[in-house]
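Could you slot chain B onto chain A? The hints should help.
2 protein chains.
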Amino acid sequence: MSRWEPNTRERLLDAALDLFGERGYDSVTVAEITERAGLTKRTFFRHFSDKREVLFAGQELLSRIFAEAIADAPASATPMEAIAAALTAATAPFGPQRRERARQVKAVVAGHRDLHERELLKLATLRAAMADALRARGVPDPTAGLAAEIGGLAFTTGFARWIAPGSERAFTELVREALDELVAATTTLG
Amino acid sequence: MSRWEPNTRERLLDAALDLFGERGYDSVTVAEITERAGLTKRTFFRHFSDKREVLFAGQELLSRIFAEAIADAPASATPMEAIAAALTAATAPFGPQRRERARQVKAVVAGHRDLHERELLKLATLRAAMADALRARGVPDPTAGLAAEIGGLAFTTGFARWIAPGSERAFTELVREALDELVAATTTLG
Numbered sequence: 001m002s003r004w005e006p007n008t009r010e011r012l013l014d015a016a017l018d019l020f021g022e023r024g025y026d027s028v029t030v031a032e033i034t035e036r037a038g039l040t041k042r043t044f045f046r047h048f049s050d051k052r053e054v055l056f057a058g059q060e061l062l063s064r065i066f067a068e069a070i071a072d073a074p075a076s077a078t079p080m081e082a083i084a085a086a087l088t089a090a091t092a093p094f095g096p097q098r099r100e101r102a103r104q105v106k107a108v109v110a111g112h113r114d115l116h117e118r119e120l121l122k123l124a125t126l127r128a129a130m131a132d133a134l135r136a137r138g139v140p141d142p143t144a145g146l147a148a149e150i151g152g153l154a155f156t157t158g159f160a161r162w163i164a165p166g167s168e169r170a171f172t173e174l175v176r177e178a179l180d181e182l183v184a185a186t187t188t189l190g
Numbered sequence: 001m002s003r004w005e006p007n008t009r010e011r012l013l014d015a016a017l018d019l020f021g022e023r024g025y026d027s028v029t030v031a032e033i034t035e036r037a038g039l040t041k042r043t044f045f046r047h048f049s050d051k052r053e054v055l056f057a058g059q060e061l062l063s064r065i066f067a068e069a070i071a072d073a074p075a076s077a078t079p080m081e082a083i084a085a086a087l088t089a090a091t092a093p094f095g096p097q098r099r100e101r102a103r104q105v106k107a108v109v110a111g112h113r114d115l116h117e118r119e120l121l122k123l124a125t126l127r128a129a130m131a132d133a134l135r136a137r138g139v140p141d142p143t144a145g146l147a148a149e150i151g152g153l154a155f156t157t158g159f160a161r162w163i164a165p166g167s168e169r170a171f172t173e174l175v176r177e178a179l180d181e182l183v184a185a186t187t188t189l190g
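Chains as they are written, first to last, in the UniProt record's numbering: chain A, 1 to 190; chain B, 1 to 190.
Next comes chain A alone, as it looks inside the complex:
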């Protein structure tokens, strides 16, 4: 990021989400986003490969954070402890100021089939990253795959609760709670 364009990524994101909310995702162009942000198209494409990636770019970073936190968990950590550490690491940066933006992203994605599909794919990538990181720690299958699925469910459940209307609790607290509930639910499967 250049010194003379502070917070460009944030400004592009805010401009895009405002425009998507005002006029609908489909009708908004990259040129309009950059105009609203007071930046150039060239700057836009230094941050995002296309308009759609404004909504999903953060998920690449998320997969990396998950994988690294699992790798960095103490050798003595159980699979669920490693997943819990990853959920904490991945959600800790999402303070209350990020909640409203997350709600805006979700509203755009939910109303659009292609975007919803893209989100499902990113979640599949996230689960695969977790499973691979667990296998690299020596966790065998099917435990590694199962732990990753539970981690993915805890993340989406916690996220839904975090962005729910009126929600005020921290994202990290909500994903950890969802994880605890899922682990408890493993005894109710019959």
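Please keep in mind that the hints were generated in silico from the structure rather than gathered at the bench.
Here are the simulated DSS-like cross-link-like pairs (lysine-lysine), alpha carbons at most 30 angstroms apart as the crow flies: (1) A/K51 x B/K51; (2) B/K122 x A/K106; (3) A/K51 x A/K41; (4) B/K51 x B/K106; (5) B/K122 x A/K122.
Chain B alone, transformed into the frame defined by chain A:
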């Protein structure tokens, strides 16, 4: 299906898979598939919306079979018993004669990013169908979501073993075994 075109769907499927294997998925046209099958394009489009759906059309049916089997499980069935019944119902039609075709489909899908993404989406649909069917039986979340994830993992794991080189065991036997392993693995999460 018209009386004078017996097994049209199967003939189209065989022709398409043979051509995909010979020349690669991308370069094969619907016209070539219908020519190889000795049928018209109009007949093709009565069975499949496009070339890609030749590879995935069966998965829609699969979601329906899963959901119906879960709905039809005895009222006393636990979530896992309902999932087990669904896995049995969904895989029972896949006898040894279907295994080679499944291998061909998998080979085409694995070599093609767009097709792989489509497969992940169909799997997400399958899991959602199972979770919804469990909720309709009164299974609460997070148990319903968790049971559906485990059912999805059992299905993909059993499928991978079924189409593995040299594999001779029945698909149903392999998915049920994978399910048992996953349920056992719930105690190894820590």
